[in-house]
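K.L.:
So the protein lines, in turn, are chains A and B. Just so you know, we're using numbering that gives the first Met the number 0 here: the first sequence kicks off at 0 and counts up by one. Just so you know, we're using numbering that gives the first Met the number 0 here: the second sequence kicks off at 0 and counts up by one.
Derived by calculation from the structure, the hints in this document are not laboratory data. All C-beta atoms, glycine included, are put in the ideal place defined by N, C-alpha and C. The reader is advised that the hints may include incorrect statements.
Stated by the list, open to error - Restraint ranges, calculated between C-beta atoms of paired labels, are given here:
| # | chain 1 | residue 1 | chain 2 | residue 2 | range |
| --- | --- | --- | --- | --- | --- |
| 1 | B | T147 | A | A20 | 24 to 32 angstroms |
| 2 | A | N132 | B | A19 | 30 to 38 angstroms |
| 3 | B | D350 | A | R17 | 53 to 61 angstroms |
| 4 | B | K246 | A | N73 | 33 to 41 angstroms |
| 5 | B | R199 | A | A161 | 49 to 57 angstroms |
| 6 | B | T355 | A | A20 | 52 to 60 angstroms |
| 7 | B | G198 | A | R17 | 20 to 28 angstroms |
| 8 | A | T65 | B | E161 | 23 to 31 angstroms |
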Amino acid sequence: MPTPDPQLGAFEEFVEHRLGALYRYAWVLTGNRHDAEDLVQEALTRTGASWWRVRRKDDPEGYVRTAMVRIMSNRWRRSGREELTPDPPDLGAPDPGFERVTADAGLSATLAGLPPRMRVVLALRYVEQLEDNEIASMLGCSPGTVRSQASRALAKLRIAAATAEEDSRG
Amino acid sequence: MDDLERDVAEHLRALLVADAPPAELADRILTRTAARRRRRRAIAAVTVVTALVVCGAAAVGVAGVRNGSDPQPVAAPSEVTIQRGLAGGQRFKAMALGPDGTVLGTAVSVGPDGAEHLRGGVWKASPTVVVPRRVQSTSAGSLPYLWTMAVGDRVQVWPEGERLKCLGPNGSVRTIGAGWSGRERFYAERGLVVWGHAGRGVAVASGCDGPTRTIPVKGFLKGFSYPLAFVTEGAKTWQVDVRSSAKSAVARAPRSPDEIVAGPTALAWVTGDDLTVRDRATGTDRTVRLPVYQSSSIQITLGDHVLAYSGSGEDGDEGQARVYDLRTGAYVDEPGPALAAGGWLAVQAGDVYKLTRR
Chain A
0 MPTPDPQLGA FEEFVEHRLG ALYRYAWVLT GNRHDAEDLV QEALTRTGAS
50 WWRVRRKDDP EGYVRTAMVR IMSNRWRRSG REELTPDPPD LGAPDPGFER
100 VTADAGLSAT LAGLPPRMRV VLALRYVEQL EDNEIASMLG CSPGTVRSQA
150 SRALAKLRIA AATAEEDSRG
Chain B
0 MDDLERDVAE HLRALLVADA PPAELADRIL TRTAARRRRR RAIAAVTVVT
50 ALVVCGAAAV GVAGVRNGSD PQPVAAPSEV TIQRGLAGGQ RFKAMALGPD
100 GTVLGTAVSV GPDGAEHLRG GVWKASPTVV VPRRVQSTSA GSLPYLWTMA
150 VGDRVQVWPE GERLKCLGPN GSVRTIGAGW SGRERFYAER GLVVWGHAGR
200 GVAVASGCDG PTRTIPVKGF LKGFSYPLAF VTEGAKTWQV DVRSSAKSAV
250 ARAPRSPDEI VAGPTALAWV TGDDLTVRDR ATGTDRTVRL PVYQSSSIQI
300 TLGDHVLAYS GSGEDGDEGQ ARVYDLRTGA YVDEPGPALA AGGWLAVQAG
350 DVYKLTRR
């Protein structure tokens with residue numbers, strides 16, 4: 000006769016308290032609500048299935064955040080190529096998180112349109128404040144690749160910012 | 000860090016204080032985690048048993064070479080027995096099965112003549128809770144309305160008078176079901192509760208605590224499989240997307256079917272003695288002749304891969320069912336009522352329910 004799983008209780012408590020923060024972090028990584036849902040769901044499901052091991056660590060939440068980054072990284076590798084946006088769209092997909100905070104539609108739209116890997120690199124660099132070698136370790140690539148991704152992302156953003164400024168001057 | 004980089008950091012960090020996750024996300028995570036753990040335990044058990052068999056075979060193998068015996072494959076554990084016996088000699092009667100194997104029902108007493116009498120209360124069992132527990136009491140006046148229940152993604156719904164009671168993951172019970180007459184169908188799936196709003200359309204509630212909206216559509220709600228509600232209006236069958244309210248006619252649907260049931264992989268109609276099952280992926284239909292049950296209540300439920308056509312006995316406690324495998328078309332006759340949902344099948348077998356993965 001199967002017995003109830005007591006560990007799921009502790010994991011349930013972890014999900015109850017930290018899901019909000021982890022979901023929002025997933026949104027930072029993915030740029031949209033639906034991908035964020037999928038990502039945090041997969042990361043937490045994997046974590047929960049190994050909870051007996053994860054809960055001994057000092058930072059289960061950090062474990063989940065790392066899992067999210069690695070899931071995204073593995074998806075890039077499986078897909079073989081990224082869906083690159085050749086030019087930033089003039090208006091990005093509606094994203095209430097951005098629009099609520101700032102009226103800078105050019106930067107917002109460009110961020111929303113960045114390829115996933117570039118976006119993740121920016122998130123890890125500017126939100127997690129990781130060094131490039133730490134980011135490289137997390138993504139399973141070289142520090143040179145991290146710097147290249149960041150540089151290309153910032154170049155796109157500078158172009159978008161300059162274009163928006165020219166447009167505003169009329 | 001230059002100005003642009005500071006702007007980027009500000010934009011990204013702003014998301015860390017943005018919207019809350021959807022209400023049902025936590026439930027989905029916990030449900031999937033539990034399922035993944037069960038699969039891992041089952042695989043581990045098979046691995047251990049197989050290792051033992053292999054080791055045994057290795058030991059026997061030398062002898063086996065002499066007598067020609069081979070080790071037999073071992074099936075993964077896939078069946079749970081739910082006890083029906085409750086305190087005071089009452090029995091648990093299943094009314095709904097959820098896609099995660101949750102069994103929701105009520106208590107009945109069975110007389111020496113086999114006649115069944117409703118005693119009420121909402122009881123719950125599951126693959127990990129094999130002795131049903133009472134989760135809520137019901138009033139005596141609500142018993143005539145207690146004809147069915149719904150289970151989905153940690154939301155349980157049952158009727159109480161002409162309203163619906165909804166038990167959510169936080170353990171509190173809310174009254175929902177505005178516009179429900181006590182006779183229309185209701186469903187719970189993906190954290191949504193959907194019911195027929197008499198004369199107005201299809202009501203959709205976002206969980207037990209969330210807002211309710213009504214999608215205007217004429218007819219009667221007959222089936223639901225997220226995100227589509229199936230409504231019959233005269234000879235027509237409509238499918239209504241509860242996310243967008245978009246409505247379209249179901250192609251080649253039978254005129255005025257007696258019953259409709261919808262699942263993730265199939266849509267089924269009962270017209271007279273015929274059951275038509277449509278593969279939702281391919282659009283192909285298969286029609287079979289249903290058995291004739293001398294039954295006061297027929298129930299049809301769809302899981303991912305099976306359909307259960309179930310009839311309770313005239314007096315209630317006994318019954319029978321025919322369970323169709325949607326993949327092969329084969330069927331099995333069961334000696335008791337059955338319910339199908341998700342990857343589970345619950346079959347009444349005397350004083351227990353056999354809950355099996357299908």
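K.L.:
It remains to establish, for every hint, whether it holds in the given structure.
P.N.:
Hints, verified against the model:
Judged by the Cβ atoms, the range 24 to 32 angstroms given for T147(B) and A20(A) is violated: they are separated by roughly 39 angstroms. A hinted range of 30 to 38 angstroms for the beta carbons of N132(A) and A19(B) is consistent with their spacing of about 35 angstroms. Between D350(B) and R17(A) the beta carbon distance is about 43 angstroms. The supplied range of 53 to 61 angstroms is therefore violated. Distance hint for K246(B) and N73(A): a CB-CB separation of about 40 angstroms, consistent with the stated range 33 to 41 angstroms.
In this structure the supplied range 49 to 57 angstroms holds for R199(B) paired with A161(A), their Cβ-Cβ distance being about 54 angstroms. Roughly 39 angstroms separates the CB atoms of T355(B) and A20(A), a value that falls outside the hinted 52 to 60 angstroms. Between G198(B) and R17(A) the C-beta distance comes to about 45 angstroms, which lies outside the given range of 20 to 28 angstroms. Range check, T65(A) to E161(B): about 51 angstroms between beta-carbon atoms, so the 23 to 31 angstroms window is missed.
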